[in-house]
Amino acid sequence: MMAEEFEPKIVAFLCKWCSSAGSDLAGVSRMEYPPNVVPITVMCSGSVSPLYILSAFNKGADGVLVSGCHPGDCHYIKGNYYARRRIALVKELLEFIGLEPERFQMSWVSAAEGLKYTQIIKNFVQSLKPLGPQTKLRRNP
Amino acid sequence: MVNIEDLRNNAKKLLEDGKVKYIIGFKKAANGLRPVPVFIDKPEDAAKLIWDPLCIHNLTRFLVDEKRRKARQKEPDLRPVGLVVKGCDSRAVNVLLQEKFIDRADIHIIGVSCENTGVVDEKKLAEKLKEKTVEKIEFGDNDEFVVTTDKGKIKVASSEILADRCLECPAHVAVVYDVLIGDHTKRKLDDSYKSLDKMESLTREERWAFWKEQLEKCIRCYACRSACPMCYCDECVVDTITFAVTADTTAEEKAQKIKWIEKSPVLSENFIYHFIRAIHLAGRCIDCGECERACPLDIPLRFLNKKLEKEAKKLFGYDAGFDPEAPSLVSCFKEEDPEDFIR
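Residue numbers (the numbering used here), protein chains in the order written: chain A, 1 to 141; chain B, 1 to 343.
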């Protein structure tokens with residue numbers, strides 16, 4: 001019998017105005033993409049606290065995605081710029097501690113980019129599969 | 001050279017004139033080598049003040065307590081507090097000013113110069129002078145310390161016993177002060193982030209093994225948080241506030257009390273605690289080394305903060321604690337901030 005393939009679990013923080021609408025577009029357009037994502041709509045990518053990201057890893061996420069509007073398109077004018085700065089620091093520190101950089105990603109997805117959203121998820125799942133489950137930061141691995 | 005009499009006379013005058021309500025400084029410890037913080041409110045006690053390379057504490061932390069104390073008093077004494085600061089400590093003052101946590105009028109800053117050197121690492125000192133008992137350490141003339149031991153005076157090159165952080169320090173003299181005791185020196189600095197080199201040259205799995213070993217030790221005594229001048233939040237995200245749920249507790253109230261982190265000192269929770277602390281100190285930590293000094297388990301916490309300091313400089317050109325008027329690291333952005341990691 002073939003061993004069951006590892007299916008990573010991804011927690012995606014999507015901003016309400018762009019990325020969440022983008023993922024909706026992917027859905028209503030019947031685009032196919034892996035079902036490994038748990039989407040969480042937040043008001044803005046700038047409202048994603050580093051604690052949300054850590055908490056997701058802590059509670060068993062194999063990968064975390066933060067996605068917001070393209071620069072200049074933020075519904076709140078500049079929330080995504082703040083997010084970009086903060087997330088860059090979180091990413092550097094996660095790598096410094098020894099987490100695989102593939103496990104944490106950020107993307108810009110607009111409300112019209114349903115296709116891009118599916119691509120990002122497909123690639124994310126592909127890059128997580130060889131890594132296996134995330135046990136480093138997980139509570140009771 | 002730093003003349004301690006200058007420091008004492010200055011402090012005495014301030015107290016005699018009633019310009020400050022008290023002065024926070026260092027005094028000789030009753031036992032042990034390392035000086036201890038002292039609060040002086042009488043002019044005659046100003047003679048107790050000292051300043052030498054073993055004054056390692058960051059006294060800025062006391063401003064946090066002072067602010068709370070003042071808030072509780074009905075008729076607080078509104079005179080400023082005198083505070084003795086080294087270069088690193090003065091940067092902490094700058095960050096507190098930048099964040100509008102304190103008002104410049106609330107403090108009278110007595111800056112001291114590290115005379116081209118810095119503070120001594122007691123472990124390195126003990127290692128260096130194994131057979132001798134150290135009685136006193138003074139600043140020397142060129143990059144050296146004069147150590148008085150039971151077997152006479154010896155000169156030790158500063159690079160041999162300086163604390164690691166002082167070897168990478170960009171501010172050897174207070175950067176903000178009302179009065180400066182000592183010379184305005186400028187130390188040559190080759191690499192501000194040298195201590196990170198070894199760590200960054202390790203492979204990812206080696207780094208993880210290192211941090212796993214270190215963070216597993218943590219007993220969550222929160223000494224690092226208590227010693228840190230920047231950890232002044234009234235409520236900390238890692239504290240679970242005991243919260244009585246009654247019949248009329250709304251869903252919203254419950255949702256506000258999310259338990260982000262367990263109290264138990266296990267690796268996964270320790271990791272969140274130290275990681276979030278490091279992130280909250282990004283662009284604010286001025287590398288005074290108090291967290292590491294306070295840690296009873298010798299966790300090299302400084303590396304986490306230093307790493308973020310390095311990235312803040314590399315990615316955003318940001319230096320903490322030099323400009324009290326500048327916006328803080330994560331409350332500002334530039335159009336051209338790097339985004340090559342974003343898909």
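Fair warning: there could be bad hints in the mix.
What the hints assert, rightly or not - With a Cα cut of at most 16 angstroms, we get these calculated EDC-like pairs of lysine to aspartate or glutamate: (1) K123(B) / E160(B); (2) K194(B) / D17(B); (3) K91(A) / D150(B); (4) K91(A) / E160(B); (5) K91(A) / E200(B); (6) K128(B) / D103(B); (7) K91(A) / E311(B).
Rather than coming from a laboratory, the hints here were simulated on the basis of the structure.
It should be emphasised that the depicted structure is a prediction, and the values quoted were computed from it without experimental measurement.
Which numbered hints does this structure break?
2, 3, 4, 6
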